[in-house]
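2 protein chains.
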Amino acid sequence: MSNRIISLRTVDVRFPTSKSSYGSDATNSDPDYSAAYVSLETERGNRGFGLLFTIGRGNDICCAAIEAMRDLVIGSDLDDIKNDIYEFYNRFRCDSQLRWLGPEKGVVHMAAGAIVNAVWDMWARDEGKPVWRLLTDFTPEQFVSCIDFRYLGDVISAEEALDIVQINESSKHERISELEKYGYPAYTTSPGWMGYSDDKLKILCQEALEQGFKHIKLKVGESLERDKKRLTLARSVIGDDVKLMIDANQIWEVDQAIDWVSELASFDLWFVEEPTCPDDVFGHKKIRDKLKGIRVATGEHCQNRVMFKQLISNDAIDVVQIDSCRLCSINEILSVYMLAAKYGKPVCPHAGGIGLCEYVQHLSMIDYVRISASLTNRVIEYVEYLHEHFEDPCIIRNGSYMPPMSPGFSIKMFPESIEHYKFPKGKAWAKN
Amino acid sequence: MSNRIISLRTVDVRFPTSKSSYGSDATNSDPDYSAAYVSLETERGNRGFGLLFTIGRGNDICCAAIEAMRDLVIGSDLDDIKNDIYEFYNRFRCDSQLRWLGPEKGVVHMAAGAIVNAVWDMWARDEGKPVWRLLTDFTPEQFVSCIDFRYLGDVISAEEALDIVQINESSKHERISELEKYGYPAYTTSPGWMGYSDDKLKILCQEALEQGFKHIKLKVGESLERDKKRLTLARSVIGDDVKLMIDANQIWEVDQAIDWVSELASFDLWFVEEPTCPDDVFGHKKIRDKLKGIRVATGEHCQNRVMFKQLISNDAIDVVQIDSCRLCSINEILSVYMLAAKYGKPVCPHAGGIGLCEYVQHLSMIDYVRISASLTNRVIEYVEYLHEHFEDPCIIRNGSYMPPMSPGFSIKMFPESIEHYKFPKGKAWAKN
Numbered sequence: 032m033s034n035r036i037i038s039l040r041t042v043d044v045r046f047p048t049s050k051s052s053y054g055s056d057a058t059n060s061d062p063d064y065s066a067a068y069v070s071l072e073t074e075r076g077n078r079g080f081g082l083l084f085t086i087g088r089g090n091d092i093c094c095a096a097i098e099a100m101r102d103l104v105i106g107s108d109l110d111d112i113k114n115d116i117y118e119f120y121n122r123f124r125c126d127s128q129l130r131w132l133g134p135e136k137g138v139v140h141m142a143a144g145a146i147v148n149a150v151w152d153m154w155a156r157d158e159g160k161p162v163w164r165l166l167t168d169f170t171p172e173q174f175v176s177c178i179d180f181r182y183l184g185d186v187i188s189a190e191e192a193l194d195i196v197q198i199n200e201s202s203k204h205e206r207i208s209e210l211e212k213y214g215y216p217a218y219t220t221s222p223g224w225m226g227y228s229d230d231k232l233k234i235l236c237q238e239a240l241e242q243g244f245k246h247i248k249l250k251v252g253e254s255l256e257r258d259k260k261r262l263t264l265a266r267s268v269i270g271d272d273v274k275l276m277i278d279a280n281q282i283w284e285v286d287q288a289i290d291w292v293s294e295l296a297s298f299d300l301w302f303v304e305e306p307t308c309p310d311d312v313f314g315h316k317k318i319r320d321k322l323k324g325i326r327v328a329t330g331e332h333c334q335n336r337v338m339f340k341q342l343i344s345n346d347a348i349d350v351v352q353i354d355s356c357r358l359c360s361i362n363e364i365l366s367v368y369m370l371a372a373k374y375g376k377p378v379c380p381h382a383g384g385i386g387l388c389e390y391v392q393h394l395s396m397i398d399y400v401r402i403s404a405s406l407t408n409r410v411i412e413y414v415e416y417l418h419e420h421f422e423d424p425c426i427i428r429n430g431s432y433m434p435p436m437s438p439g440f441s442i443k444m445f446p447e448s449i450e451h452y453k454f455p456k457g458k459a460w461a462k463n
Numbered sequence: 032m033s034n035r036i037i038s039l040r041t042v043d044v045r046f047p048t049s050k051s052s053y054g055s056d057a058t059n060s061d062p063d064y065s066a067a068y069v070s071l072e073t074e075r076g077n078r079g080f081g082l083l084f085t086i087g088r089g090n091d092i093c094c095a096a097i098e099a100m101r102d103l104v105i106g107s108d109l110d111d112i113k114n115d116i117y118e119f120y121n122r123f124r125c126d127s128q129l130r131w132l133g134p135e136k137g138v139v140h141m142a143a144g145a146i147v148n149a150v151w152d153m154w155a156r157d158e159g160k161p162v163w164r165l166l167t168d169f170t171p172e173q174f175v176s177c178i179d180f181r182y183l184g185d186v187i188s189a190e191e192a193l194d195i196v197q198i199n200e201s202s203k204h205e206r207i208s209e210l211e212k213y214g215y216p217a218y219t220t221s222p223g224w225m226g227y228s229d230d231k232l233k234i235l236c237q238e239a240l241e242q243g244f245k246h247i248k249l250k251v252g253e254s255l256e257r258d259k260k261r262l263t264l265a266r267s268v269i270g271d272d273v274k275l276m277i278d279a280n281q282i283w284e285v286d287q288a289i290d291w292v293s294e295l296a297s298f299d300l301w302f303v304e305e306p307t308c309p310d311d312v313f314g315h316k317k318i319r320d321k322l323k324g325i326r327v328a329t330g331e332h333c334q335n336r337v338m339f340k341q342l343i344s345n346d347a348i349d350v351v352q353i354d355s356c357r358l359c360s361i362n363e364i365l366s367v368y369m370l371a372a373k374y375g376k377p378v379c380p381h382a383g384g385i386g387l388c389e390y391v392q393h394l395s396m397i398d399y400v401r402i403s404a405s406l407t408n409r410v411i412e413y414v415e416y417l418h419e420h421f422e423d424p425c426i427i428r429n430g431s432y433m434p435p436m437s438p439g440f441s442i443k444m445f446p447e448s449i450e451h452y453k454f455p456k457g458k459a460w461a462k463n
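Heads up: the sequence lines are chains A and B, in that order. Position 375 of the first sequence, counting from 1, maps to 406 under the numbering used here, and the rest follow consecutively. Position 99 of the second sequence, counting from 1, maps to 130 under the numbering used here, and the rest follow consecutively.
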């Protein structure tokens, strides 16, 4: 019996998070954290799961996009994919008609990413390993062969990437042991949502300290007065030693960002995130150059590796915030980690949402073991909600992500959760 | 009776153009020119039509995206829209949940554009004017109030735009008369598709000359030998006076583009189009700087005005090729024409496909009358197929687009065409 994929199923799952201002910021006032969830199954019964994250309306469009890619998936053999997963990944990017809808951006890019990540999950389950261990066990050559270097040729080559991986090879087991013992450092965004009251902000900052977090992020951009008040309150609770970051969620024009953030410089900000349009590489560069001393971060809306190439290689940003669902699967994400390593930029992945924390822990652990080999200035975002819907949720201990030990990509949701939050017919929505 | 929009309908219409290699190039080997077609109707019976262009697979995703925006459209009053069309346009961009799927790029951006353009069509029909005359009749203030300047504040302001329009105001009727007499210059891509034989290339070049075209574009990038052969053949037919352009459709890495195009420099190329990834602003700038003398063009895959801002204001390109369906309607497209005018770059719109020629003729005529006030180095792409499906098709005379005279945006298709080419149940597809 072959091991061909014979089933692809998609579900629109949405959580009514907007009811509690959870996730609210200057741009995204009322997110309902949602997933376009995909399940694959082979003839022999191998299964793989993936999702892409959205914030509510439009999640159905993403499901439609996954469905539209059915013909690129059904009939593919897991054994063939294991021999050349790049080919499988590449067929989505190169589909001669679908590519018009991107190319390599937005809905179709995210949909392809959800499918390819589901195949990574299937592969890791088949090997009985968590995804981060599957990839850290690859030979250096096999590892680099998965990475997408298309359109990056002017700044990095596969040969350079192989050199980086080979240099780290002899010490990789030390780093694996270290991760298993101490985990990977996290920062929390839970206290700082825009819609929270001042009291709630203070209480949650205190809780974050008690949980061992050393980095806390607040949403800003509604008004300068309110930002100053919230930052003052936060500093009054967390003191001067804990790192404080701010996130403007694209609210400002380029010059406005420079003026506004300059007004907040006295709060000793570790970075400012998404100061303006995520597409504006030159704008970020101008902001970074003018704000000397406050580091600039972006990436949760950075559409693909070509945009990251420009942001990184032209010193437009200091902190690289990949999003595990916006980029097209591990195959593209690793190329961004590679670029960041070459140019000495830390990657601090975007997380929160639903499933993002589960995904990104694997990615940063792969980076630490095989690519950057460094934890300096590197923290993974953490938000504490919605993990209970996953069979293998991420685990935080003393402010760090503990490495996943179960086979797969940690993204499989409980069938009961899917059933309950299915949109629009699940009980969570029927009640409204 | 109010004039609220009470009906939104979407149809997936596809034409099997891949059968004849029509539209084939280095990246897009087998396009089936397609439209996600939208029809709106108000309570009083006003109707408006719009479409977005794709090349086949995934057209259903675009229809799903239009459907997902239904709640932003139904109930809007045409009279209110006339008072503030920017507000209507802006609600798609700013939807606090849908924007996660872009923001402002790909499927959701194109879907919003199709809807807003349908409203422009409805408005123009209601006034009994073609769209280009509707907008050239606006007061300067009304005209500028339609334009999207969000995220452009570091390079252009509404005040500067108003200055440009006011300077042109006193002479605009001369340019309207000139357009009505001579039309707007076009170039043709019909002879140069990649899949055509050498004989077909020569015959079609000859025909283009006879039709009065002064600019011809060929697809390149399959192999250097073949490119040289095809360019030699074309030059042997068209001589040295006709402008010759090449289009690589994103096939090259940045450095490869520089080497490859340098090898073709002796053919006296008027511009090279899409030499690499459309997202790579710095890459285009490097190519342009190295290829001194051969102008660089891009834009048919340029996702939004922020990318154009960077390409234009940083001298990364010479020729601006807006796509009428990729950008979000007239409201965003005018901001790109405005940027191009400020920086002295000609706009030569992408067309062909289906409906693109019908749309862009209006846009460039508006530009000539109100913004750039120049025809120098400006030509609109023209491809001769599929116009027979439109009730008010574009008309080419002596190599120029003659101005549309019927009310609307020229984009309404014959019901019989829609019925026949509807995918997958229309007769054109059932036969396969």
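Be aware that a few hints might be false.
The list treats identical chains as interchangeable, and a pair is accepted whether it falls inside one copy or across any two copies.
Cross-link-like lysine-lysine pairs, in silico, BS3-like; alpha carbons within 30 Å at most [unchecked claim]:
id, residue 1, residue 2
1, K321, K274
2, K245, K456
3, K160, K373
4, K203, K50
5, K458, K317
6, K245, K274
7, K259, K245
8, K231, K160
9, K373, K321
10, K316, K260
11, K245, K233
12, K316, K373
13, K50, K113
14, K317, K373
15, K231, K373
16, K323, K203
17, K458, K274
18, K323, K113
19, K50, K160
20, K453, K113
No wet-lab data here; the hints were simulated from the structure.
Hints, verified against the model:
In this homomeric assembly, K321 and K274 come within 30 Å of each other (Cα to Cα) only inside a single copy, at 22 Å, whereas the closest approach across copies is 44 Å. For the identical chains of this complex, K245 and K456 are neighbours neither inside a copy (41 Å) nor across copies (60 Å), given an alpha-carbon limit of 30 Å. Proximity of K160 to K373 under the C-alpha cut-off of 30 Å is restricted to the intra-copy arrangement: shortest distance 29 Å within a copy versus 57 Å between copies. In this assembly of identical chains, K203 and K50 lie within 30 Å of each other by CA distance neither inside one copy nor across copies; the values are 45 Å within and 53 Å between.
Within a single copy, K458 and K317 get their C-alpha atoms no closer than 49 Å, and across copies no closer than 55 Å, so neither meets the 30 Å cut-off. Within a single copy, K245 and K274 get their C-alpha atoms as close as 6 Å, which meets the 30 Å cut-off; across copies the closest is 63 Å, which misses it. In this homomeric assembly, K259 and K245 come within 30 Å of each other (Cα to Cα) only inside a single copy, at 21 Å, whereas the closest approach across copies is 62 Å. For the homomeric pair K231 and K160, neither the shortest alpha-carbon distance inside one copy (40 Å) nor that between copies (57 Å) is at most 30 Å.
When the C-alpha separation of K373 and K321 is checked against a cutoff of 30 Å, the pair qualifies both within a copy, at 24 Å, and between copies, at 25 Å. Taking the shortest Cα distances, K316 and K260 sit within 30 Å of each other inside one copy (28 Å), while across copies they are farther apart (43 Å). With identical chains, the CA atoms of K245 and K233 are at most 30 Å apart within one copy only, with a shortest distance of 16 Å there and 70 Å across copies. Taking the closest pair of Cα atoms, K316 and K373 come within 30 Å of each other both inside a single copy (19 Å) and across two copies (22 Å).
In this assembly of identical chains, K50 and K113 lie within 30 Å of each other by CA distance neither inside one copy nor across copies; the values are 43 Å within and 35 Å between. In this homomeric assembly, K317 and K373 come within 30 Å of each other (Cα to Cα) both inside a single copy, at 22 Å, and across copies, at 20 Å. Taking the shortest alpha-carbon separations for K231 and K373, neither the intra-copy value of 41 Å nor the inter-copy value of 49 Å comes in at or below 30 Å. In this homomeric assembly, K323 and K203 never come within 30 Å of each other (Cα to Cα): the closest approach is 35 Å inside a single copy and 47 Å across copies.
Taking identical chains as interchangeable, the C-alpha atoms of K458 and K274 are never at most 30 Å apart, the minima being 41 Å within one chain and 64 Å between chains. In this homomeric assembly, K323 and K113 never come within 30 Å of each other (Cα to Cα): the closest approach is 46 Å inside a single copy and 46 Å across copies. In the homo-oligomer, the alpha carbons of K50 and K160 never lie at most 30 Å apart, since the shortest distance is 38 Å inside one protomer and 47 Å across protomers. Proximity of K453 to K113 under the C-alpha cut-off of 30 Å is found in neither arrangement, the shortest distances being 32 Å within a copy and 39 Å between copies.
In summary, the structure is inconsistent with hints 2, 4, 5, 8, 13, 15, 16, 17, 18, 19 and 20 from the numbered list given earlier, while agreeing with the others.
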